[in-house]
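**Q** Letter by letter, the chains look like this.
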Amino acid sequence: MTEEKRSPKAEEKKVGVYICYCGGNISDHVDVEEVRNRMEKLPGVSVARTNMFMCSDPGQEMIMEDLKSGTVDRVVVASCAPSLHETTFRGAISRAGTNPYVYEHANIREQVSWVHHGTPATDKATRLVAAAAAKAEQLNPLEPIRVEATRHATVIGGGVAGLRAAKDLADRGIPVTLVERSPFLGGQAARLDRVAPTGERAADIVSELAAQVLENPAVTVHTCSRVTDFSGYIGNFTLTLQKAPPQDAETLEALETAAAQGAEPGAFLPLAGVIAEDPPASPASVTVETGVVVLATGFRSYTPWKGEYGFGESPQVITLPDLIRQMTTSPSSGEQLRLGGRPIRSIVFIHCVGSRQIPGIHPENASGTLNEYCSRTCCSATLHATGRIRRNFPGTRVYEMYRDIRTYGRGHEEIYEQASREGVVFLRFEPDAMPEVIPTEEADTYPLRVKVTDTLTFGEELEVPADLVVLATGMEPNDVSDLVDMMKLPKGADGFLLEVHPKLRPVELPVGGILLAGTCQAPFDIGETCNTAGAAAVKAAALLARGYVELDPFVAEVDLSRCAGSGACVDACLNEGALAMVDMEVDGKTVRRAQVTPALCLGCGACVAVCPENAIDVAGMTLKQYEAMVDSIGSEPTAA
Amino acid sequence: MTALNPDFAEEMMKYGEDTALACFNCGTCSAICPLLHDHFPRKLIRYIQIGAKDRILENAAELWKCLHCGLCTQTCPREANPGEIILSLKRMAVENWRKS
Numbered sequence: 026m027t028e029e030k031r032s033p034k035a036e037e038k039k040v041g042v043y044i045c046y047c048g049g050n051i052s053d054h055v056d057v058e059e060v061r062n063r064m065e066k067l068p069g070v071s072v073a074r075t076n077m078f079m080c081s082d083p084g085q086e087m088i089m090e091d092l093k094s095g096t097v098d099r100v101v102v103a104s105c106a107p108s109l110h111e112t113t114f115r116g117a118i119s120r121a122g123t124n125p126y127v128y129e130h131a132n133i134r135e136q137v138s139w140v141h142h143g144t145p146a147t148d149k150a151t152r153l154v155a156a157a158a159a160k161a162e163q164l165n166p167l168e169p170i171r172v173e174a175t176r177h178a179t180v181i182g183g184g185v186a187g188l189r190a191a192k193d194l195a196d197r198g199i200p201v202t203l204v205e206r207s208p209f210l211g212g213q214a215a216r217l218d219r220v221a222p223t224g225e226r227a228a229d230i231v232s233e234l235a236a237q238v239l240e241n242p243a244v245t246v247h248t249c250s251r252v253t254d255f256s257g258y259i260g261n262f263t264l265t266l267q268k269a270p271p272q273d274a275e276t277l278e279a280l281e282t283a284a285a286q287g288a289e290p291g292a293f294l295p296l297a298g299v300i301a302e303d304p305p306a307s308p309a310s311v312t313v314e315t316g317v318v319v320l321a322t323g324f325r326s327y328t329p330w331k332g333e334y335g336f337g338e339s340p341q342v343i344t345l346p347d348l349i350r351q352m353t354t355s356p357s358s359g360e361q362l363r364l365g366g367r368p369i370r371s372i373v374f375i376h377c378v379g380s381r382q383i384p385g386i387h388p389e390n391a392s393g394t395l396n397e398y399c400s401r402t403c404c405s406a407t408l409h410a411t412g413r414i415r416r417n418f419p420g421t422r423v424y425e426m427y428r429d430i431r432t433y434g435r436g437h438e439e440i441y442e443q444a445s446r447e448g449v450v451f452l453r454f455e456p457d458a459m460p461e462v463i464p465t466e467e468a469d470t471y472p473l474r475v476k477v478t479d480t481l482t483f484g485e486e487l488e489v490p491a492d493l494v495v496l497a498t499g500m501e502p503n504d505v506s507d508l509v510d511m512m513k514l515p516k517g518a519d520g521f522l523l524e525v526h527p528k529l530r531p532v533e534l535p536v537g538g539i540l541l542a543g544t545c546q547a548p549f550d551i552g553e554t555c556n557t558a559g560a561a562a563v564k565a566a567a568l569l570a571r572g573y574v575e576l577d578p579f580v581a582e583v584d585l586s587r588c589a590g591s592g593a594c595v596d597a598c599l600n601e602g603a604l605a606m607v608d609m610e611v612d613g614k615t616v617r618r619a620q621v622t623p624a625l626c627l628g629c630g631a632c633v634a635v636c637p638e639n640a641i642d643v644a645g646m647t648l649k650q651y652e653a654m655v656d657s658i659g660s661e662p663t664a665a
Numbered sequence: 038m039t040a041l042n043p044d045f046a047e048e049m050m051k052y053g054e055d056t057a058l059a060c061f062n063c064g065t066c067s068a069i070c071p072l073l074h075d076h077f078p079r080k081l082i083r084y085i086q087i088g089a090k091d092r093i094l095e096n097a098a099e100l101w102k103c104l105h106c107g108l109c110t111q112t113c114p115r116e117a118n119p120g121e122i123i124l125s126l127k128r129m130a131v132e133n134w135r136k137s
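Order-wise, the sequence lines are chains A and B.
What the first sequence shows, in the working numbering, is residues 26 to 665, in sequence order.
What the second sequence shows, in the working numbering, is residues 38 to 137, in sequence order.
Just so you know, the hints here were simulated from the structure itself, not pulled from any lab data.
Computed from a predicted structure; not experimentally measured.
One or more of the hints may lead you astray.
If you want the footprint, here are the derived chain B segments under chain A, 3+ residues with CB under 8 Å [said to hold, decoys possible]:
{"no.": "1", "segment": "70-83"}
{"no.": "2", "segment": "123-132"}
On the chain B side, residues computed to face chain A include the following (Cβ under 10 Å) [unchecked claim]:
{"no.": "3", "residue": "40"}
{"no.": "4", "residue": "41"}
{"no.": "5", "residue": "53"}
{"no.": "6", "residue": "56"}
{"no.": "7", "residue": "58"}
{"no.": "8", "residue": "86"}
{"no.": "9", "residue": "89"}
{"no.": "10", "residue": "98"}
{"no.": "11", "residue": "108"}
{"no.": "12", "residue": "112"}
{"no.": "13", "residue": "115"}
{"no.": "14", "residue": "117"}
{"no.": "15", "residue": "120"}
Just so it is clear, CB atoms sit at the ideal spot from N, CA and C, and this is done for glycine as well.
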């Protein structure tokens, strides 16, 4: 930046510089008043002010008053990282009736006061704020990109989360397509019997929800379907669904059972779910144009490795879902629990199987990872099951071996106490001293014995005879690697889909227009699943309510007066479809020029770097603006 | 190695005790007990839960140290009534002493 460039415009461009003390976070190390003095003397700067907390109401009002009175027409705030308060100050500018994009942010906390001290800190802050002011002079008002939104939502997954989200969206009057991989609605919840803490029948919950969805004319349900292709952007997605006759043995068996019972669509089939429609006889393809996508792809129960607590080696070692399944076809009360006719005198439940795994103690999964998280539902589910067994089968002894009992939800601690009072005996083990499940000699009256070093009995080794060992297996996310690749979805280290912010934006993904519902995100119980599904539905409805969506305008713009049609930008573009060469009329001639699809542009600037004609720029971050910043940083410190 | 004996908790019922299994081993009773002695009374309650009758009889003398001040019963979060459990254990110990 040179003087002759800056001076003539100094009268027109009135930059206001607002420097924050951050209550000492900045002012303890940066001489904020000295920075203000130096800024005040810059040619383009009309006013420079300070405040103890610029993000406070008085701070924001100071900026708004300067804008309203015409003292300034563009704003620089020097404070914390823009990720914290950029939107705050853009909002203040909007409320003052000014275009929110004539704003530049200087980070003098994380990048200055937290890492430098004394005079160098003040000098660095000066340079950063001066550079921001130099850029602010070059800023132009921008308009958000407005994209028409298709008033339609697609929900992927027909479990509790998907059903809840579909119903909530349909109730808001939004047409919904619900896609389910299996022939059944209800997901994992349909495979349960009675659910903690209320003891309601899972079949009732699933049937009620599925009926509400199937009866709603706004919802189109596609079962036996998978998403095979995905394209577009927020408001305008196109999905291809492949419907195919079911292949896997378990599903075919369930369908045969349904046919044998003469079950019609809408009927609930125990341990499978609600039959939504007849399975397709032959493969078919369906295309869906949609505005938002709600992912409700759910979880699967952890499968123990062969030999984990004797699983896969002894038929008397099963998982909690196995037990629930077997109990649905056995007598519901009696002296002793009988499974497949076999009396069960003693059961040992083992907690935290496939959850809270610790590096160096537990072996890695096939994919080389560990489930380090708590699955959250297994404690309550196990306690609910053990209490019921003790109540209904007083002659069956029940033991629970746990690391910690985590009955965190409302009404869950009561299940724990209830199970204790019903006579369940608890034993507690340390993670590095897992219980040993040992098959017995034939002479023994019990097929298994479980050895545990019990911390409740002061570290003594105890032995429990068992007819059955039940492993309280945790949750793992369903394999959705195809969707992850297609939609570019972020996954956490735990394998679950990862939201933008765990507290402030818990159901949104960084990909605009794609939302999360239920256990594809983290282990949840049914109530929590409905919470997230409802939240996702509301977010989706809010996106579609106006008929259009507004996106930040920081996208590439082609200067047609300079573009020579080299196509270098299209080759460099990182997001397919964001840039293309098209035929257009320029000065009466048909030529091939670059064209931007703003909704797809990431604003990365790869095109700007390669254009031989300097004919493409990212709005709000133009080369000219950066040159002004670099010139400012490179110049002698102003008025120092 | 100690094998669990689940029948003992039921045997204790005839001595007036039916709350030992409600105990979740938090240790509040031992922390507040003025005797401050070797996890008393939690240890003995735990022995009922796992059915270690022999251990209780081996340590039966400890039962008579109890002052019956009632602090454990007042503070038990599970209302497992530790004071009453000690009384029941005394009855059990006396009966078994007579037998032997």
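**Q** Hint by hint, say whether it matches the structure.
**A** These are the hints, each one checked on the structure:
no.	hint	in the structure
1	70-83	holds (count 3)
2	123-132	violated (count 0)
3	40	holds, 5 Å
4	41	holds, 5 Å
5	53	violated, 17 Å
6	56	holds, 8 Å
7	58	holds, 5 Å
8	86	holds, 6 Å
9	89	holds, 8 Å
10	98	violated, 19 Å
11	108	violated, 22 Å
12	112	violated, 16 Å
13	115	holds, 6 Å
14	117	holds, 9 Å
15	120	violated, 18 Å
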